[in-house]
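**Q** Letter by letter, the chains look like this.
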Amino acid sequence: MTPLPRWADVVLLPLLNVVLAFLVGGLIVLAVGQNPLQAVGIMLYGAFGYGSGFGYTLYYTTDFIFAGLAVSLAFHAGLFNIGPEGQAYVGGLGVILIGLALNGMHWALVFPLMIICGALFGAAWAFVPGYLQAKRGSHVVITTIMFNFIAVSMMGYIISRILKPAGVNSDESAPLEAITRVPQLRGFIELFKNSPVNLTFFLAIGALFLVYWLIWHTKFGYAVRALGNNPVAANYAGISNQKLIMIVMALAGAFAAMVAVNNVGGVQGRLILNFVNGAGFVGIAVAFMGKGHPIGVGLSALLFGMLYQGGQELAFQMPGITREMIVTIQALVILFTGAMGDMLRGPLGRMFAQPDPAAGAK
Amino acid sequence: MEQLLVDITLILDSTVRLAVPLILASLAGLYSERSGIVDIGLEGKLLAAAFAAAAMSAVTGSAWLGLLAGIGAALMFSGIHGLASINFKGNQTISGVALNFLAAGLTTFLGQSWFKRGGYTPQLSGDQRFNPINLPFAEQLRDVPVIGQIYGELISGHNIITYFAFVAVPATAWVLFRTRFGLRLRAVGENPKAIDTAGISVTRLRYQALIITAVLVGIGGAYLSIAQSAGFNNNMSAGRGYIALAALIFAKWRPGPALLVCLMFGFLDAVQFRIQGQVFPIIGEVPVQAIQALPYILTVVLLAGFIGRAVAPKAAGVPYTKER
Chain A
1 MTPLPRWADV VLLPLLNVVL AFLVGGLIVL AVGQNPLQAV GIMLYGAFGY
51 GSGFGYTLYY TTDFIFAGLA VSLAFHAGLF NIGPEGQAYV GGLGVILIGL
101 ALNGMHWALV FPLMIICGAL FGAAWAFVPG YLQAKRGSHV VITTIMFNFI
151 AVSMMGYIIS RILKPAGVNS DESAPLEAIT RVPQLRGFIE LFKNSPVNLT
201 FFLAIGALFL VYWLIWHTKF GYAVRALGNN PVAANYAGIS NQKLIMIVMA
251 LAGAFAAMVA VNNVGGVQGR LILNFVNGAG FVGIAVAFMG KGHPIGVGLS
301 ALLFGMLYQG GQELAFQMPG ITREMIVTIQ ALVILFTGAM GDMLRGPLGR
351 MFAQPDPAAG AK
Chain B
1 MEQLLVDITL ILDSTVRLAV PLILASLAGL YSERSGIVDI GLEGKLLAAA
51 FAAAAMSAVT GSAWLGLLAG IGAALMFSGI HGLASINFKG NQTISGVALN
101 FLAAGLTTFL GQSWFKRGGY TPQLSGDQRF NPINLPFAEQ LRDVPVIGQI
151 YGELISGHNI ITYFAFVAVP ATAWVLFRTR FGLRLRAVGE NPKAIDTAGI
201 SVTRLRYQAL IITAVLVGIG GAYLSIAQSA GFNNNMSAGR GYIALAALIF
251 AKWRPGPALL VCLMFGFLDA VQFRIQGQVF PIIGEVPVQA IQALPYILTV
301 VLLAGFIGRA VAPKAAGVPY TKER
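Protein sequences appear in the order of chains A and B.
Per our numbering, the first sequence starts with residue 1, numbered consecutively.
Per our numbering, the second sequence starts with residue 1, numbered consecutively.
Be aware that one or more of the hints could be misleading.
With a straight-line cut-off of 20 Å between C-alpha atoms, the simulated SDA-like cross-links for lysine to any residue are [what the hints assert, rightly or not]:
id : chain 1 : residue 1 : chain 2 : residue 2
1  : B       : LYS314    : A       : ARG136
2  : B       : LYS116    : A       : VAL32
3  : B       : LYS252    : A       : GLY137
4  : B       : LYS89     : A       : GLY78
5  : B       : LYS314    : A       : GLY137
6  : B       : LYS116    : A       : ALA31
7  : A       : LYS193    : A       : PHE209
It should be emphasised that the hints constitute simulated quantities derived from the structure, not laboratory data.
Build out the structure end to end from the sequences listed, making use of the hints.
**A** This is how it looks when you write it as structure tokens:
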């Protein structure tokens, strides 16, 4: 098969796959008797049309960037990390523990510590599957799935039995004081009205640059990509695959845990049950759609941020459509960009190999 | 003594009920994984089948049509999985993950669009469900001590899918280890090239496996919504597909052990609410969350090779490409 020109491989093919995913999604909406174009219009308005909607879009985008990076990073090393959901959940424990310990202190001091502490907890939770993959050969896909479930049980126990203060009815930790919480942007920018987007958003943007630098401009990143492309060759080149797998998984967990900084530190100001709410899983779609590149991850996180916020609006405006349509789109994106990503490669290759339209139309 | 027997029978009875979807999904996964197709998507198929079965049964009033619809939904999902992982040689794990989300999204979305009950399907009753079957002599034997109790409560009084699940286990063992198809199935999961060289189509064999997978998991899904419960509710598979996958790994991809592991996981499920708040000697109070997490923890421990070793079929997850 003739290789595609680079631009087609990097931009055209992924774009076509995404378009395909949305077309199928549109057909499903059409099949239940709703107007997909109207739905897109409402979603766009809900996501960008007014200040607090836009703020919510950026808040979701923050979560999805971190989760997407957690999946991407592991994928560069040839590991499929399905665990950001659990890693973010456990990361929340680190964030709330440091937050409660320093409750009442100024956020400028607590915010960096929340990042570090959350990262450590998330990294620890992801390190175990990494260790088991590296040293014991247990497949990281299965172990990270199992660890998501174990995290739900463990955190449920910790929140309802240990962190819950006496006299509180709902299962949640004690709240952080306002001054300790990560400040929300509406405090500085009028536009965002009552949306929860907070300083963590800039952390996410920073993380995109960090990962770009890490993967493409460091020795470590080179080793990671070598491992992902050809573990045998990487091993011959003197790279310790085992060590690298563990480090990459821990790092992925640390990125996933930033979802907790956004939510626990910046939005709820306390640890509540199941606060991750699927953001970790969206990361899978974001990573595949963005092909693991920070630019792609950033853009697809924004797209999914738009879908999630716009989906809220949609549920209000078109009662026939629920927010779960977004989960369907998410699934289609994973399917077409991840699992069937090479479906159009053959036809495209033929198109580029034979510029003559008569021959290409075969 | 009398009460203890009643208690034990009741726990075992609910163990059986809770194990049925696990058994069916496990066996389903067994066919697909033995043929070399990793199936993370069991969860999604279970959910999609549960929804399709409940929806069809609600509309037509027939549990049997519901069952067919459940199998049909699972077949569709298997078809997509096959297309992605056999024809396009895509990543099977990613495809499975996608299918799980697809099921989660579609069932809720379609449920709301069609029935407008917040994702629930209408309550089913009578012929819309598979009802308990009382085996002969269950009534007459009721007064016989021990045997009457066990026969009447534990063995009799289940629905037809439950009995089917227990028949499917030895049937699978027979197919897998005693038939030509089973031999080929095991071979294609270990060494597809050998199968190809022998002049047998790898693609065809793997699709056959996926079809059996779909039928079994479809029946398992239908069990959830039109036999065990009286209708579909959101995310009603609740991780059972993953537990079934765990059971399959635990059983090292063998039908008999898979049955035992599924019964064990079903038992854990059945006792978790009974032991809540109870204080045991030595260990003290066991939190319900610990019991919930136990199947997953056990699977991780097994995968880590601390208790035995789980070795997957060699070619599992690897798309087969003929040399050109």
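**Q** Which hint numbers does the structure go against, in order from smallest to largest?
**A** Result: hint 7 breaks, nothing else.
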